[in-house]
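Relying on the hints, combine the two individually framed chains into one complex.
Each chain is listed here by its residues.
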Amino acid sequence: KAGVTQTPRYLIKTRGQQVTLSCSPISGHRSVSWYQQTPGQGLQFLFEYFSETQRNKGNFPGRFSGRQFSNSRSEMNVSTLELGDSALYLCASSPEAGGSTDTQYFGPGTRLTVL
Amino acid sequence: GDSVTQMEGPVTLSEEAFLTINCTYTATGYPSLFWYVQYPGEGLQLLLKATKADDKGSNKGFEATYRKETTSFHLEKGSVQVSDSAVYFCALDTSNTGKLIFGQGTTLQVKP
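Those sequence lines, one after another, are chains A and B.
Under this note's numbering, the residues of the first sequence are numbered 95 to 209, in order.
Under this note's numbering, the residues of the second sequence are numbered 208 to 319, in order.
Possibly wrong hints are sitting among the right ones.
[Said to hold, decoys possible] FRET-style restraints, in silico, Cβ to Cβ:
(1) B:E223 - A:P102: 36 to 46 Å
(2) A:P189 - B:K263: 22 to 32 Å
(3) A:K151 - B:S265: 29 to 39 Å
[As the list claims (entries may be wrong)] Interface residues of chain B toward chain A, partial, derived using beta-carbon atoms under 7 Å:
(4) E249
(5) G250
(6) L251
(7) L253
(8) G305
(9) K306
(10) F309
(11) Q311
Hints in this document: simulated from the structure, not taken from any laboratory.
Note that this is a predicted model, so its numbers are computed, not measured.
Built from N, CA and C at the ideal position, the CB exists for glycine as well.
So here's chain B without its partners, still in its complex pose (with noise of 0.2 Å):
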């Protein structure tokens, strides 16, 4: 069935540093990919997304391009603030029916 993959974390940076969290997918069809954000004691909140291949979603500086030939959707930002601090989930849908298949989430902390 589809699945998505996530880097394990927490994944720990110091202010400015790049960050890269990895999400690689299995799916039927062609899904349109999500990266979603969760602070601490809310809900998710999207931070960008790609609806089908070579698309780039960007948003807050981050970005992720939608790599159909290595299923992959990776997140990155140049500069990351203590503001990113946060738990960050890849996510896609090919359902067409409103469900959402997630990775396992990657929490980062990033230190000033």
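Okay, chain A solo, but in the shape it has when bound (with noise of 0.2 Å):
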């Protein structure tokens, strides 16, 4: 099986503009995550689709937002951008609806630079 590809892998934006990063889940996962990895805050949870809905969500402010297709794949969007989003971000797919168990497979990352 393929496994959890985004796009792009690089981007380069400005302050105050927006931004859309793409996730498409391992075939059959139906449950996609989305973090973001930076030097000083380490990896933290953005968000959580399955089905469409949004299940979970971290703490980041209302310029993030994501969706979820009926094909599970994914996308999140930036909106305002500002030099502090500078960060990879990870997007990680699961196979089932829940349950602590689920192993998250990860995919290689967008590289997202603000300037």
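Next comes the structure, spelled out in structure tokens:
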């Protein structure tokens, strides 16, 4: 099976712009989670989607949003970019509806640089 | 709230040395515990996991045992290789909704 894919791999934007990142989960996986990774804050959970519904959300401002499509592909959007949004954004998918025993499989990430 | 604490890095070892990376957690309920590894320029790869107390996860020579009494999940390997150089993350999941809580990561550098 193909792994989790994320596009684009690299992005450069300027402050005030908006950006959309895409994630395609492993075939058959229905849950998609997003994380932000920065040197200062480490890995932080953004949100999780299952069956097109957001089930859990981290402590990020409303500028960060996401959605999931019927084929389980997911997008996240960041509006009004700030310098502090520069980070590696990781997407992860897992097979089932929940259960803390599920393993999350991560994509390679999208490196966003805000100038 | 739930949290994970890892030992400070970087950890520098010679090839074939014994590795321990400490991980302790605070959680309500009964979390599943994970170790992920991140190689330079890549995403996270699952290394091993344990879903209940006293479970031992193992993979590629790495092991970790879920110790509920000490709330720990220390990562060990008997003989490290240069190719093991990476950042290691301990994580837990109690939410049943795809939310992993990560430690700050420990950088391992193995020298020939």
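Okay, the hints, checked on the actual structure:
For E223 (chain B) paired with P102 (chain A), a C-beta distance near 41 Å keeps the hint of 36 to 46 Å intact. Roughly 23 Å separates the CB atoms of P189 (chain A) and K263 (chain B), a value that falls within the hinted 22 to 32 Å. For the hinted restraint 29 to 39 Å between K151 (chain A) and S265 (chain B), the CB-CB distance of approximately 34 Å keeps it satisfied. Given hint, E249 (chain B) at the interface with chain A, holds; its Cβ is 6 Å from that chain's nearest Cβ, closer than 7 Å.
Interface hint status for G250 (chain B): upheld, as the beta-carbon distance to the closest one in chain A is roughly 4 Å, under 7 Å. Using the Cβ-Cβ criterion of 7 Å, the hint placing L251 (chain B) at the interface with chain A is satisfied: the shortest such distance is roughly 4 Å. For L253 (chain B), the suggested interface contact is upheld, since its CB lies about 6 Å from the closest CB of chain A, less than 7 Å. Because the smallest distance between the Cβ of G305 (chain B) and any Cβ of chain A comes to about 4 Å, under 7 Å, the interface hint for this residue holds.
The closest approach between the C-beta of K306 (chain B) and any C-beta of chain A is roughly 5 Å, which is under the 7 Å cut-off, so the hint is satisfied. At its closest, the beta carbon of F309 (chain B) sits 4 Å from a beta carbon of chain A; the interface hint therefore holds under the 7 Å criterion. Because the beta carbon of Q311 (chain B) sits about 5 Å from the nearest beta carbon in chain A, less than 7 Å, this interface hint is met.
Violated hints are absent here; each numbered hint is respected by the structure.
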